[in-house]
Amino acid sequence: MNTVSKLIFTILFVFLCPYYVYSQAMHALVVAATEDDRIGKGVVKNMQNMTKIIQDVANVLDCEFEFEQFGDSQCTKVDVTEWINNLDIEPDDVVFFFYSGHGGRALNDTDIFPQMCMNNPSNQALYMPVAHVENLIVKKNPRLVIIITECCNAESAGIRIKPLFAMSEEKYSSASDYDPKALRDLFFNAKGIVKISSSKPTEYSWICNTSDENGGGIFVNHFIDSFNDAVKYGKLAADWKTIFNSTHDKVYAEEIRVHGKLYRQEPISMITETKQQDKNINIVKRDKVGSLYETLQYLVDDKVSVDKRLGMINQVKKRHFTPDAKVVTLAANGITVIDYEDVDVFLKRIILSLYIENITVLNGSNDELNSLIKVQEMRK
Amino acid sequence: MLLLIGFSVSAQEMTDEHKKEIQDRVKSKVEEFQGYLSSIVNTELSDVRRNAAKESALALFMGEGEPYYIFDEDGNKERHREVRMQISSVNSGNIGSKAVKKYLQDSYDNIHKYLKVTIQAADAVRVDNIYKVGEGQYECMAYFAQKYIAYGKDGNIRYGDFTRKKIKVHITAKEIPAVGIIFEAKLGDIYVESTEKTR
Amino acid sequence: MKNIIYVALCLMTALLGYSQIILEDPSLSRNFRAEVKSLDEFAARFNGAESHPEISDDSLMNLQNIKALFDLEKVIGKDDRSQFTSYAMSFCDSIFTYNIRFSLCDSNVFALAKCKVKFENRDRPISLILVQEKTSDGYTRWGIAGVKGLVKSGIIKAKKFYNISPVEHEIHFMGLSDILNHNTHKAFGYRSLNNSIDQLNVFLTLIQTGLIEFEIVDNLEIYCMNVPGFIFIISEVLRESTNSGWLISDLFPATSEEKKQFINNLFIEQ
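One line per chain: the protein sequences are A, B and C, in this order.
The numbering of the first sequence is the working numbering, which starts it at 1 and goes up by one.
The numbering of the second sequence is the working numbering, which starts it at 1 and goes up by one.
The numbering of the third sequence is the working numbering, which starts it at 1 and goes up by one.
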């Protein structure tokens, strides 16, 4: 190759190669025993809250995102194992796992982390240890593993307790509420394993079994407060140890009085996270309808023409919804239902809107036809 | 066609927290309505998109722009006419009123008279306090302003006005199985005050 | 090359010529934010809960907000401007001295709606007086407290009295079926000499029986008698200005007795 050719080739290489970004994705699974007689309502609240958190993160970072939500019928060792085994993980990917339901531990168990009872607390053979989930995921070799469980580490307790925390006042979630750098630090500039559970061995985890603003677990609600302190309000450093410590202190400070007896709850963790250099994230390209979550983000993506998106409504309806499906929209507080629409009215509305940035799917199946989904809007 | 709107329930009062969320939602709906109005008269957009905007605008209104019934507290059907828009001109007094459905259709049809249309909206929508007016029934007002200029085929201004629009909003608490109580906000009558600057 | 540039220029011009332009008019948002868009907003600014956006947050804020609630064009146009200004200052003093709060739901606040109704196929002007009130169930509502103009507009003929025969009692008033059914336009003339007509009840009955059709409200004013020593009137003004919306269009001093008389006159057909 002569000098001129080499020069041309070098110039072409510099300009045509994309600048140095990592190709990375987040894979998230939220699992909950939503039909349990004693704690089902509180567990649903936990599921909604954690779904919103992780979808907000993906929306703000605009990364490749694979999301699944398993309600009661899929809250099993088999389904979770299958999901993990089917993951297609790149070395730079993040895997996030959350479970809410009953939990327990065997006698003489040396692992401080509990076993998840899944949807059948009466059959120990169907329990899934947190350690097992960790092993399955780690085998896939992602860069960061986050496992968070809210369940007892002894016998479960679903007694209603009086509210111990107030939901913070929030308008519609907006991407501008979050600090993208803080989110990158937590999810894409970190490497290792983050394992957190809501109570230490022999302790109960307490949950308010209502679907109102006081519902959900003590641990999840304080975790969300601490998480928001780090990624929205700048009150905490954006690393998992700091968030856990803050959550731990808040939960442990609660005096839980039930039938005249005083209980305490102390979350536990094993965090081997290390910090890496800040880097740009590969912006996701949405060019097709896929999962329910992906489809709805595509429909609000203003980089795609409105006419094209309008033209996809029938396809989307056939792929994800039953003929008479409805969509429930929840307010920012996660409680007040502010809209209940036919699915085609909803789809048209979100396509035409100049104000919707993202849609959080709080409840809906990626694979089955949905007759009812619950969403929240992230607005500009 | 008369639409039946379900019986509202007293099972849940609107708390202050609910009120705030619903006021935000009303504001969003009025912003969307503003957006739809702009799209309907936008000569640059496809008919498909303009038509979708017209349909989505109607879906915001009580009865979707048609006459409708609601059930009162005693279970009696109360008939209501279709939502209307009353226009009052500073220049020429009361112009009259027309059904919102007709207004939207006329806006959709009339753009072919013009070369282009420009619309500017004030950057604020105001939503007033929510008042309880019956069991499970609430009302409030929302306000926004727009400037509208239409250019003829010769490029000269054919029509211009500054309008302030006031929209009555009806909020109904309904119990939906498997969902719970919803507070559904629908737009009602619109009062428009206009200062025309036609050349 | 020249052809390429020429075509490109033409294309650009065509695109610019047909593009949708949103004109930048900074005054639109500014005026809208300043406007008193509703009586709720009027009350909020009157009571110090909200402020005109261009009034500084200092010790004079409340006073400046009350001043900004006046229709300044009306003030400037007054012949006795200095006297009006003096009334306005006393008015503000009275508000702060007696810590007066404005609310529509006040027995001293009345809405006067000048309306058009259809009676016997003709448009007739009447006035409705409305008051806002709270029910025992906690609902807020407007109620029609009075109606006037039914006589003036010819809907009812009440000036003349007609006679029922002094001997009618002997035939057990059988003549009533004749005079009441066959000369209905004289109906109100058969009332006792000491009975006045309640126009509110007449109006509502005519509405219920479908003999009157309500058309439109042509003009709306709010009369307020809740500030000691003063009566003020609020009207809605549409202008492209930071002084627009619901504003105090008139103000005059009034003692308690004068206020009572004013209220009476509000209800009585002149």
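Just so you know, the hints here were simulated from the structure itself, not pulled from any lab data.
Keep in mind that the hints are not guaranteed to be accurate.
Unchecked claim - Per the computed footprint, the stretches of chain A lying under chain B, defined by three or more beta-carbons under 8 Å from a beta-carbon of chain B, are: (1) 327-333; (2) 348-362.
As the list claims (entries may be wrong) - List of simulated lysine-lysine pairs, DSS-like, C-alpha gap at most 27 Å: (3) B:Lys101 x C:Lys159; (4) C:Lys152 x C:Lys67; (5) A:Lys232 x A:Lys308; (6) A:Lys380 x B:Lys54; (7) B:Lys98 x B:Lys77; (8) C:Lys67 x B:Lys166; (9) B:Lys186 x A:Lys317; (10) A:Lys232 x B:Lys98; (11) C:Lys152 x B:Lys98; (12) C:Lys134 x B:Lys98; (13) A:Lys303 x B:Lys116; (14) A:Lys41 x B:Lys20; (15) B:Lys19 x A:Lys318; (16) A:Lys232 x B:Lys153; (17) B:Lys174 x B:Lys19; (18) A:Lys303 x B:Lys168; (19) B:Lys19 x A:Lys41; (20) A:Lys317 x B:Lys174; (21) B:Lys168 x C:Lys116; (22) B:Lys98 x A:Lys41; (23) B:Lys19 x C:Lys134; (24) C:Lys118 x B:Lys98; (25) C:Lys152 x B:Lys77.
Unchecked claim - Pulled from the structure, derived: some chain B residues nowhere near chain C, Cβ distances all over 10 Å: (26) Glu64; (27) Lys77; (28) Met85; (29) Gln86; (30) Gln120; (31) Val133; (32) Lys186.
Virtual Cβ for every residue (Gly too), placed ideally from N, Cα, C.
- prompt: Against the structure shown, which of the earlier numbered hints fail to hold, in ascending order?
  reply: 3, 4, 5, 10, 11, 12, 15, 16, 18, 22, 25, 29, 30, 31
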